[in-house]
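Chain residues, written in single-letter form:
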Amino acid sequence: MADGSNALIDVRNVSRHYVRNVDEVHALDDVSLEVPAACFVALMGPSGSGKSTLLNLISGIDRPSEGEVIVAGQPLSTLDEDELATWRARHVGLIFQFFNLIPVLSARENVALPLLLTDLDKAERRRRAETALRVVGLEERFDHFPRTLSGGEQQRVAIARAIVTDPDLIVADEPTGDLDARNAEAILDLLRALKNEFGKTIVMVTHDSRALRYVDEAHHLDKGVLLTGEEAERAAAALLAAAGAHPMPPARSDGSS
Amino acid sequence: MRLPFSYSWRNVRARPLRSALTASVIALVVLACTLLLGLITSMRRTFTSTGHPLNLVVLRKGSDNDGSSMLPVESYQAIRFLDGIARNGDDQPLVSPEVVVQPFFRTREGGRENVLVRGVEPVALEVHDQVRVTEGRMFRPSSGEAIVGRGVTGRYQGAELGGAIEFGRGKWKVVGLFDAEGTSFESEVWVDVRELANDAKRPLPFSGFRVRTANVAERERIERRIDDDPRWALDAEPEIDYYAELASTGTTLYVIVVAVAVLAGIGASFGAANTMYAAVQTRTAEIGTLRALGFPRGAILWAFQAEAVVLALIGFAIGAVASVAAAWILSNALGGFAVGAATFTTSVVVLEVDARSLAAALFLAIAIGIAAGLGPAWRAARLRPIEALRKA
Chain A
1 MADGSNALID VRNVSRHYVR NVDEVHALDD VSLEVPAACF VALMGPSGSG
51 KSTLLNLISG IDRPSEGEVI VAGQPLSTLD EDELATWRAR HVGLIFQFFN
101 LIPVLSAREN VALPLLLTDL DKAERRRRAE TALRVVGLEE RFDHFPRTLS
151 GGEQQRVAIA RAIVTDPDLI VADEPTGDLD ARNAEAILDL LRALKNEFGK
201 TIVMVTHDSR ALRYVDEAHH LDKGVLLTGE EAERAAAALL AAAGAHPMPP
251 ARSDGSS
Chain B
1 MRLPFSYSWR NVRARPLRSA LTASVIALVV LACTLLLGLI TSMRRTFTST
51 GHPLNLVVLR KGSDNDGSSM LPVESYQAIR FLDGIARNGD DQPLVSPEVV
101 VQPFFRTREG GRENVLVRGV EPVALEVHDQ VRVTEGRMFR PSSGEAIVGR
151 GVTGRYQGAE LGGAIEFGRG KWKVVGLFDA EGTSFESEVW VDVRELANDA
201 KRPLPFSGFR VRTANVAERE RIERRIDDDP RWALDAEPEI DYYAELASTG
251 TTLYVIVVAV AVLAGIGASF GAANTMYAAV QTRTAEIGTL RALGFPRGAI
301 LWAFQAEAVV LALIGFAIGA VASVAAAWIL SNALGGFAVG AATFTTSVVV
351 LEVDARSLAA ALFLAIAIGI AAGLGPAWRA ARLRPIEALR KA
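Protein sequence lines correspond, in order, to chains A and B. For the first sequence, position 209 matches number 209 in this note's numbering, and the numbering has no gaps at all. For the second sequence, position 73 matches number 73 in this note's numbering, and the numbering has no gaps at all.
Read the hints as simulated data drawn from the structure, not as lab findings. All figures in this text were calculated on a predicted structure; none of them were measured in a lab. Please note that the accuracy of each hint is not assured.
[As the list claims (entries may be wrong)] Under the rule of at most 25 Å between Cα atoms (straight-line distance), these lysine to any residue pairs were calculated in the SDA-like manner: (1) Lys391/B x Gln97/A; (2) Lys173/B x Ser143/B; (3) Lys122/A x Leu3/B.
Isolated chain B (complex conformation) (with noise of 0.2 Å):
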């Protein structure tokens, strides 16, 4: 006993102005929605991925990221003999000593960023071989010479193949430029590591060691030798939690997004529903009509929470279709979201709308949509027939 569904759909159609501004307000919702959970997701998914399963990070004991720890020359000795940690093929151990500075740099439009600039050896790119060099060639030690990242590369200044960048005491010439699989190497500038270390004044060469285990096992060997040492007060910890840590401002980010997302929420669902008390107030006779044919209150209600729920999916529908466009041309047209990490670096995301965003997305839709409708809906159900048909 349910009024047909072409009812609500056509009662929505009838008042296309009306609808369209309440379903633009559900998009705007929408559309804020999946891109902020949208750039959670891909933050969290560019730094996740940055990890590898084998790698260890050392670092001076204390220090939480690249840019705040410094060790002496001999430690890289003694950890490079370790057993366990991965040769290549010359049976050189896959250490590799490492400095980060993170000057700031000049983008295209004037803004200044910083910048993450990573000293290392030619083993870094076996180290992390995610990293590959994809135009021109890898820099030459000591010659003033960088690659830079896909996600650097035509951001900044100078920041493309033949071109110099500045920072620091000089200018460095871009000889190559790397591609690392989405991970956020893509985001950073390597040179030389003692070169680097030169320039930037540093009285110990490197920031921290990334080394390469053989397997899981030894990882977890060498990671518990490594901060069991009593000589260098070093910290080892596995890449892949290094990066998540990193990631988690995206947790503190999510929180906010949600907040956001239920407060916007609560505001387009009053949008809504005063759309639908209108409907029910000009359309009173109507109702009246249909309880006195014999429609039980029931019908009346499910017919207007229905209208509510359709008005909330159209609005649904457009922000998604939105978001996914938005999403399209700041990460295609734009090159990438720019995000602060907690290293207080810029990191170029490739914002992408996945399905779980739009998910929830079409949850908070409809939470809107029946939110809206329940009051109006409650109201057009009680109207006592003979009262109604009076409003004729």
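If we strip away everything but chain A, and leave its shape as in the complex, we get (with noise of 0.2 Å):
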């Protein structure tokens, strides 16, 4: 890895402020986070605390103002718009909230989207984009559109179409805040399942604590700040609380469970 860092994704001191009417928001403020290769990362936090913003920066849909991101060897800061999002293209795998995918295009085509930024001929890409729906479970939907499949389904579509590339970097806004409690497990497993089986390194950011139960580390963000130590502890026994009796794992655990 560059600069001796064994760290698929590395983030060093960095902010990011922005102007909202005239007052200057500290977004985040002086970060710095090393994720391992093939490991399942959770960003943790109230509403505001800035963890979105954090995966924005990692996923190179946003720029940091102050300090760079470094992911797998790629300082970000070098790339232009278009270069970014060719970067992008090549490195992440993209999965929303609310699945984000294309109403118009059918299950297939939404999970061959980003191979047409390839050079894959039509029936590679076509044969990809099935493979991808069978590892997540949907060999039964190719030819399905967004609105006939359920909130489960789609979610699932959109991570088909997050690893069809074999990105490095799986990145994930709240992927289980509009599931219910069972799909919502359903997609946590799923999660898993892509780091364990094909070595996929996932940051996730989740307010939902049954994800805890998933995942090789969780950070915890307030007010754009990283909390580290005691602070650390005292927020995720909060975040357990708040949800009921769970083994609390520690902020670093080996990723067994």
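Quick one: dock chain against chain with the hints and give me the complex.
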């Protein structure tokens, strides 16, 4: 890995400020974070804590005001807007809270969409899209359009779309936020399987305490600051207390569950 | 790195009502454009095909049409025996003395229109050899008889075989119908030249002559000869040029039609642009998603531009079909399209939407689509993914 770091993701002293009306908002303040390869990480915290902002910086959708984000050895600040788009297409799979499928495209077409940015021919794009849909258990739904699928199924299509290009990194923004409990656990299961079986690195923003049972690491943010030590443990405990009794994973576990 | 065409096409279909309304506005512009251009083309064709390349129109100097010309009988004799004039089987020179009046006729619907009534001798059928009596027979001189062109038949009261038409001082019995290969003669009524001159109480019987020359060289020679003869103050002109001038009304119309088409097109493109802006607005999160997935700005620009052009092409298709249908109905079911010519008479033109008019309308439609798509597509392409995604 570049700079002697063995982390897939290296977030260095990153801040993100923007101006809303006349006030300067500090969405992130001097955050540093390393995520090793093949690790399933949760970013947690209350609304406005900056967790989504951090996720957007890691996936190259947004740029930091200060600091540097390096993913798989690539410093993102050196890429211009279109280069960054190309980089995302190759290296990042995106999963959103509201699935963000294209309504006029079928499940297979939605999944094949990122492959349009590759040199693969049509038959190969189709084959890979179908393989990805089988991985998420939707082999019966190739030709269905998003409006004819349930929320859980739509999120599976979105996950198939995120993995179809075989990216190093999958980022998920509240992937269970719009799903019922049963579907939420199924999605978390699927994400963990992607890490375990395909060695994907997954960074997930969530405030769903159930997620703690599935992830290798959980990082807590509050008011734009990454919590560490006792503060982090207190935040995790509070989260669990609010959700009811669950075994509490440490801030860094070995990932087995 | 483009989004598939089906993406643009299916988005047009995904909002059927809005797309249909937008396309309909473009279709109306296409309809108006093709019908007006088709009308001008049909008019020009009708007039320009009327002239025969070997014929000369001889009028009094200073007159630019039959209606305002008057010639003495003596000039007829002088011209008849010029060298180089074609002759028929009986060795008679093909010179047709003619008189033209433009009385009002009553249409079947009760309106009034100027119709060109041409007084001729039987030789006229040889000078104007497009004219053929298809039903009934040629009129007999001095017996109050008339033959009527196909465009006139059925349009005016009494203008049918066995009917009687009223103009001037009396009634004229229709004894024949004629065909003239789509030329403007089909919009005329023909009667005996001397009878018509008497009826109109003209001091001099003829308005002009039509002369069939033996060949083009003779046509040019005779034209100069007549122009240069100081005795009769006559002006000779090739018949094709004479009718081309009458058709020049079409040129003015053409400019007006182009101006109207451009203005209507601008209006339609505002409508389509509005639809496309709304599409960008409602699909902001989708655009953000596509950008986040790695589609470059150009791909978004193309997809929305294509969507606008698809809308325009649908509009063109609807408008083109409607205009061909409308032209057919106007020409066949309603018996032609009445057009006021430069001579104030009514010509019945068979309206036809030709390929060139359709091509012009297609060009206009594509221009509307591109103009309508530019702004919205540009806006869509410039959306920053991070901000666009927040609209989810």
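### Query
Has the given pair, Lys391/B with Gln97/A, been kept, meaning a C-alpha gap of at most 25 Å?
Roughly 12 Å between the alpha carbons, so the hint for Lys391/B and Gln97/A holds.
### Query
Between Lys122/A and Leu3/B, does the CA-CA distance stay at or below 25 Å?
Given pair Lys122/A, Leu3/B holds - Cα atoms ~13 Å apart, limit 25 Å.
### Message
Check the hint pairing Lys173/B with Ser143/B against an upper bound of 25 Å on the C-alpha distance.
### Response
holds, 9 Å
Every hint, counting from the list given before, is met by this structure.
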